[in-house]
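Assemble chain B onto chain A, guided by the hints.
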Amino acid sequence: MNKTLSSLVWLSIAVIGAGAVGGIALHRGESINALWFIAAAVCVFAIAYRFYAAWIAAKVLVVDPSRATPAERLDNGRDYVPTNKWVVFGHHFAAIAGPGPLVGPTLAAQFGYLPGTLWILVGAVLGGAVQDMVTLFLSTRRNGRSLGQMARDELGPIGGAAALIGTFIIMVILIAVLGLVVVNAMKHSPWATSTVAATIPIAMIVGLYMRHFRPGRVLEASVLGVALLLFSVFAGGWIDHHASLRVIFDQEGLTLAWWVMAYGFAAAIMPVWLLLAPRDYLSTFMKVGTISLLAIAIILLQPEVKMPALTQFIDGSGPIFGGTLFPFVFITIACGAISGFHALIASGTSPKLLANEGDIRMIGYGAMLLESFVAIMAMIAATVLDPGVFFAINSSAGVVGKEAADAVATISAWGFPVTVEQMESLARDMGESTLFARTGGAPSLAVGMASIFGSAFGQSMLALWYHFAIMFEAIFILTTLDAGTRVGRFMLQDMLGNIWPKMGQTSWYPSVLLTSAIVVSGWGYFLYIGVIDPNGGVNILWPLFGISNQMLAAIALSVGTGILIKSGRLKYAWVTGLPLAWLVLITSAAAWEKITSPDIRVGFLAAANDMADKLAAGVLPPEKVAVAPQLILNQQLDAALTLFFVAVLWIVILDMLRVSYRYLAGKPVRPLSETPHTMTQLDQAWVRH
Amino acid sequence: MAGIRTRLQQAWQLLRRLSGDDAYERYLRLYARHGHTAAPLSREAFFRAWQEEQWDGVKRCC
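Residue numbers (our numbering), protein chains in the order written: chain A, 3 to 691; chain B, 2 to 63.
Don't take every hint at face value.
[Said to hold, decoys possible] In silico SDA-like links for lysine to any residue, alpha-carbon gap of 25 Å or less:
#, chain 1, residue 1, chain 2, residue 2
1, A, Lys573, A, Asp66
2, A, Lys87, B, Arg30
3, A, Lys504, B, Arg6
4, A, Lys404, A, Ala630
5, A, Lys87, B, Gln55
6, A, Lys87, B, Gly21
Hint data in this document are derived by calculation from the structure and do not stem from the laboratory.
Just chain A, same shape as in the assembly (with noise of 0.2 Å):
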């Protein structure tokens, strides 16, 4: 009886979730309501939670419960620590839900709602989700190893020494565009600016709290933040108002630019405690605060999503960024669909902590699920916008033009009619000069998040739940930008150490200070680049930060393929396999476009010679002429290093390719580096309390 009644309740799920997809996919109307949305996500993520995440537990992986985690063995009360689940799943959805999926969403909207939509779904579902979870498996059965330590102990040192340079030029790349993000948030806003910047001096004030005024009093001093944080939204509207006041925060692109990268290198040598360690308390509490809200808001409001399903835009010709659905959709939307970030996390902290195998589906498939979730709540954000609103603030001056009449003109003459009195009122509801041509996502996502809150909690506090917004974006960006640069400069010490093992030495103020430096100019110079770029630079940096992401996860998936294999069970590794050769045809179809399309908003060789052409002819205007020789310079070092991701995903693949084929034709492989079987002797009542 039990039984048929739980077939009819998934079955019912499997119905809603059918109907709710195909509801989005074949609506073609004014608008469609955001609980669609909603319905299929839940549905979905269901489903695949309850049948293929259980299904890859018990025949692909056979997660043993029976087997002692490396927290039971090794259990040392520091790192290795058996943890209840809620406890693991709480830090490891903190650790892997970034800033990404709430920016990728929103720039893959000028596509039309429906094909990002269904990635991250797909995605999600049949890949990202099934990287974390596979990841996390792998590492746990081998004591906590990281991804790029698996790669050499399965694979070989070529596969290793792909997967740690791959990692560190993909920090470099991620804080480049993140620190893009935030500058495009606060340039010409002494609000936003203040606010941004009176999150320094706060979480100083948590550390110090912390540290030394109530020794380890983490919530007290959070809430305390938190408080502080608020306060800081409204001075920022007071300072907006106050003459003198306002001028010191209201600035240039170029000028914040510095100043984020003065900000990073001082994060990067100040001790844990007194910044990173506090700013990452507020953060985690302001985004699940923030998330849980949008979430309620958006099931009590049900807003209507006025982006149409498709837009002209998937030929290639989009304004946000240049490339034609396939298979820009794909590089656009990393978090939120797969990840291979996260196969850092599910290789690092997470199986150290696990209690139990039994575990392993709820926090690695689980976690990942949830941060889709995401990605949808932000694609819902950006598309209840009227089009024409969401491509005036999304567009660079350089596509649409820089006077505000040629803008609307532009758009309007899209079919998305928008006009410069909407866009004066709307600026001035936020509590900004202008919301033109604010690139880079954050401020489109905060005027949606905004009107979202707004229509629930009360219209007339518009700027303040914009500003609350843009804080609530800029205060985890930093905090990536903190910990990035941190992880970096580690990484860069572990490798000079093998050359001068003093460089080695983490705590050694030179070196220190050397690798910092290093760090903070390898994000800074690609980060000033994209604020000299008349195009916005969010074009060039956001699909570069795609495939370098996306690299990193064929890195992960390639190794669960290989181990897969040599584990025999060939018959199961099309569960990453596939996933793999998708992101192996995505990642390499768009580095080719990307290295060889005569279209100058793609191809970044075809853009240099153009540039490279007009500079000759003299037909620059004069204030292009001064930047041509850096952006030239630099449109031709990304084609070099999109060659490089593709190449470093290839030579993996191949790597990959050829231990299996060895293994398959009996030739000797490397061992399987799992550890041996020991029966749990955990009472497990008692952890899982």
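Chain B only, in chain A's frame:
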């Protein structure tokens, strides 16, 4: 009523655990279980070491 109370207590404990608010108490319990003779670290010294450890490696993602 008692059920709700227990639930709330569990939620509060989960929050403290997730944020690390109870890290020192857990350390003291672990310390007692292992039967050390020397005095455990002070709250301040423990928290200092704990926080340094929290940030060793890739801890945040995109």
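Results of checking the hints against the structure:
1. A:Lys573 <-> A:Asp66: holds, 20 Å
2. A:Lys87 <-> B:Arg30: It holds: about 20 Å lies between the C-alpha atoms, which stays within 25 Å.
3. A:Lys504 <-> B:Arg6: Violated - the C-alpha atoms of Arg6 (chain B) and Lys504 (chain A) are around 56 Å apart, more than 25 Å.
4. A:Lys404 <-> A:Ala630: OK: Lys404 (chain A) and Ala630 (chain A) at ~19 Å, within 25 Å.
5. A:Lys87 <-> B:Gln55: holds, 19 Å
6. A:Lys87 <-> B:Gly21: Roughly 15 Å between the alpha carbons, so the hint for Lys87 (chain A) and Gly21 (chain B) holds.
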